[in-house]
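> The lines below spell out each chain.
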Amino acid sequence: MLEVTGLKKHFPLERSFLDRLRGKKEAGSVHAVDNVSFWVRRGEILGLVGESGSGKTTTARLITLLERPDSGSVQFEGKDIYGLSPDDLKNFRRHVQLVFQNPYDSLDPKFTIFESLEEPLLTHSVGRTKDERREMVHQTMKKVGVPMEALNLYPSKLSGGQRQRIALARAFALEPKLLIADEPVSMLDSSIRASILNMLLDLRAQGATSVILITHDIATARHVCDRICVMYMGEVVEFAMADELVTNPLHPYTHALLSATPRLDPDARVTVELTGEIGSAADPPAACRLHPRCPHAYERCRVEEPVLREILPGHYVACHRSEEVFFPKLTGT
Amino acid sequence: MAPLLTVEGLRTTYTVGGREVTVVNGVDFQMERGKTFAIAGESGCGKTTLGLSIAQLLPSNARIRSGKIVFDGVDLLQMREDDFRRRIRWKKISMVFQGSMSAFNPVIRVGDQIVEAITHHETASKSAARERASKLFSAVGISENRLYSYPHELSGGMRERAMIAMALASSPDLVIADEPTTGLDVLVQAQIIGLLRKLRDDLGRSMILISHDLSVVAELADECAIMYAGRIVEMGSVRRIFGNPLHPYTMKLLGAFPGARLEKRITLVGIPGEPPSFLNPITGCRFNPRCEHAMEVCRREEPRLVEFERGHFVSCFWREETSGDNTR
Ligand SMILES: Nc1ncnc2c1ncn2[C@@H]1O[C@H](COP(=O)(O)OP(=O)(O)OP(=O)(O)O)[C@@H](O)[C@H]1O
Ligand SMILES: Nc1ncnc2c1ncn2[C@@H]1O[C@H](COP(=O)(O)OP(=O)(O)OP(=O)(O)O)[C@@H](O)[C@H]1O
Ligand SMILES: [Mg+2]
Ligand SMILES: [Mg+2]
Chain A
1 MLEVTGLKKH FPLERSFLDR LRGKKEAGSV HAVDNVSFWV RRGEILGLVG ESGSGKTTTA
61 RLITLLERPD SGSVQFEGKD IYGLSPDDLK NFRRHVQLVF QNPYDSLDPK FTIFESLEEP
121 LLTHSVGRTK DERREMVHQT MKKVGVPMEA LNLYPSKLSG GQRQRIALAR AFALEPKLLI
181 ADEPVSMLDS SIRASILNML LDLRAQGATS VILITHDIAT ARHVCDRICV MYMGEVVEFA
241 MADELVTNPL HPYTHALLSA TPRLDPDARV TVELTGEIGS AADPPAACRL HPRCPHAYER
301 CRVEEPVLRE ILPGHYVACH RSEEVFFPKL TGT
Chain B
1 MAPLLTVEGL RTTYTVGGRE VTVVNGVDFQ MERGKTFAIA GESGCGKTTL GLSIAQLLPS
61 NARIRSGKIV FDGVDLLQMR EDDFRRRIRW KKISMVFQGS MSAFNPVIRV GDQIVEAITH
121 HETASKSAAR ERASKLFSAV GISENRLYSY PHELSGGMRE RAMIAMALAS SPDLVIADEP
181 TTGLDVLVQA QIIGLLRKLR DDLGRSMILI SHDLSVVAEL ADECAIMYAG RIVEMGSVRR
241 IFGNPLHPYT MKLLGAFPGA RLEKRITLVG IPGEPPSFLN PITGCRFNPR CEHAMEVCRR
301 EEPRLVEFER GHFVSCFWRE ETSGDNTR
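These protein sequence lines are chains A and B, in that order. Under my numbering, the first sequence has 111 at position 111, and the numbering climbs by one with no breaks. Under my numbering, the second sequence has 127 at position 127, and the numbering climbs by one with no breaks.
Treat the hints as calculated values from the structure; they're not laboratory data. Hints may contain errors.
Output of the computed footprint for chain B on chain A, the stretches with three or more beta carbons under 8 Å from beta carbons of chain B [said to hold, decoys possible]: (1) 178-191; (2) 207-219; (3) 244-257.
Using 35 Å as the maximum straight-line C-alpha spacing, the simulated DSBU-like pairs for lysine-lysine come out as follows [unchecked claim]: (4) LYS126(B) to LYS91(B); (5) LYS68(B) to LYS91(B); (6) LYS264(B) to LYS142(A); (7) LYS90(A) to LYS79(A); (8) LYS264(B) to LYS198(B); (9) LYS68(B) to LYS35(B); (10) LYS92(B) to LYS35(B); (11) LYS143(A) to LYS264(B); (12) LYS264(B) to LYS177(A).
Beta carbons: idealized from backbone N, C-alpha and C, even for Gly.
So that you can see chain A by itself, here it is in the shape it has in the complex (with noise of 0.2 Å):
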């Protein structure tokens, strides 16, 4: 349904003053996102995954057309979106939505939840009396659980996780083809965050929606979600069905993100796998970007750039070693 290949885009970064005095002429850039591909099926959850910076936003950005990107196409149901005719945006401006990672950008302050709620009806033409619209606000209401007096009150007087259920309620009511949902549940307790999931895992029941989830988590991605991709500084490292990869992580990244998040068990102990911290998106290493942190790094990884192959069914990895370190038994020795 969506077809994301080879995204690209870097962000031109601000000469520095001492640049100038230099004459230097470019300032680099910030590789956000970096030949990212992957694609949702109908009716499935997919979770992006990856530490901040490793280009989740810009990714969703550009896939809303948001942002344009420097290369790489994006098809939705089969057509190019960055060359789409006036009818054909509006279109897809209608079913795919976005969930701003905020929930302070996503509601206008000016607006009270009423009318936040009833302007992509009129916006699309959904509804064609103010009554038929009300009733629209009051089923999805109901659907996101926030009493029916928020609807005349400001953002402004509403907790963080209303507001964020009230942007996805937004968001549900044009009943969109995808939905990206980006960050929806940082912000929010462990109680709350469960019943937002949960509408998410209803609008896949219903079958019609499909869903990019957002998430620095991998463990919230792995109950919610039926894929997930890893990202890592722009790239996409891992990318399979949620079960085999948090079960059969194969990218020395995926293992590291998957040892260092907490257990509910007071046995268990989280580790460390990689060295340092991530670096900086405007220098990223060559090759490789992961091997300056990577245990299991040696020349090739500082030389070659690995592409992501599908090293069993369904599952791909942008590693070159994840033979070796991952499946010892199948090298023999």
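Position chain B with the ligands against the provided structure of chain A, taking the given hints into account.
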């Protein structure tokens, strides 16, 4: 051995717009030396206020209305303020503040802030303090030349570690760490967890860990108190609480947590209803409107924290009653 810290009947209030609201409402607990005691619970339940009450760092609109905070045999609430500042603050009890960005002064280099913290609280020369600051930085795994950085030049993880270094500056007996890993990526969080664990295991440091993240509590704490709307609803060893939770709120909280098990997909279950508000306190048990086991008495009376099993405390009428059924 006598406990390091005993808190009894602590009640802390904030006055806002002429109205006084009770945010920590009758908290009792004890912690032993060399252990990590966690205070867990959802946003706004009063964890930070409890921590600030113990460290005597409350903002000016806050008041401790009643209770005792006995630290190393001395009731801190009976101490004169300058006495506390001279003898206890930072030297005996220090704090890692929630949100390391706002805790540092943005226009002063972090090294200078640590030196300042040391010379402010004890009679040390500037050069001795500077030397100690660089030792502390290497102990928390930051290179010494970072002492010359401004707070915004450090990554979130480094800033949190710098904050921990500052809290350790005068070798305190008790460190209160308020949400030390919140907002950090898991790989950075795992480094901080490792660092805090080392403080306890290698240096025998006592710590109060404040966190809403139960998985971090499970990783780091020996004992744990679960707070809801200003009160402790359950308390005991982490093994007990995570293995056999007694309070309906704790049970729900654990069921809502995604980090529980990664091997198997689970269904997360939220807690229905609205989080509590201090402005309109609920009569009876604070959790009763959201509790599936609520009985008549829960709406009328407030349950007390009782020792249900050895070392495992709970405040819940339903639990007390069902246990009676079991033993009959
Ligand atoms: N408009 C922009 N101009 C310059 N750099 C940008 C811009 N937007 C993003 N970046 C940079 O691109 C990289 C990827 O950012 P992005 O917001 O996509 O990451 P993310 O994975 O969503 O992170 P987070 O988890 O923190 O939200 C970062 O280094 C970021 O600083
Ligand atoms: N300085 C203050 N003046 C008035 N009310 C305050 C003040 N500080 C906190 N509060 C209120 O007291 C309650 C408890 O706040 P506290 O910061 O102790 O909670 P917390 O459990 O640490 O929450 P979080 O997990 O969000 O940090 C909240 O309702 C908060 O709004
Ligand atoms: Mg983002
Ligand atoms: Mg707090």
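> Compare the structure with each hint and give your call.
Taking the hints in turn, this is what the structure says about them:
1. 178-191: With 3 residues closer than 8 Å to chain B, the segment 178-191 of chain A meets the three-residue bar; holds.
2. 207-219: holds (count 4)
3. 244-257: Coverage by chain B holds for the segment 244-257 of chain A (4 residues, Cβ < 8 Å).
4. LYS126(B) to LYS91(B): Judged against 35 Å, a Cα distance of about 17 Å means the pair holds.
5. LYS68(B) to LYS91(B): 21 Å, holds
6. LYS264(B) to LYS142(A): 31 Å, holds
7. LYS90(A) to LYS79(A): It holds: about 14 Å lies between the C-alpha atoms, which stays within 35 Å.
8. LYS264(B) to LYS198(B): Holds. LYS264(B) to LYS198(B) sits at ~31 Å (cutoff 35 Å).
9. LYS68(B) to LYS35(B): 21 Å, holds
10. LYS92(B) to LYS35(B): 15 Å, holds
11. LYS143(A) to LYS264(B): With a Cα-Cα distance of about 28 Å, the restraint between LYS143(A) and LYS264(B) holds, given a limit of 35 Å.
12. LYS264(B) to LYS177(A): 29 Å, holds
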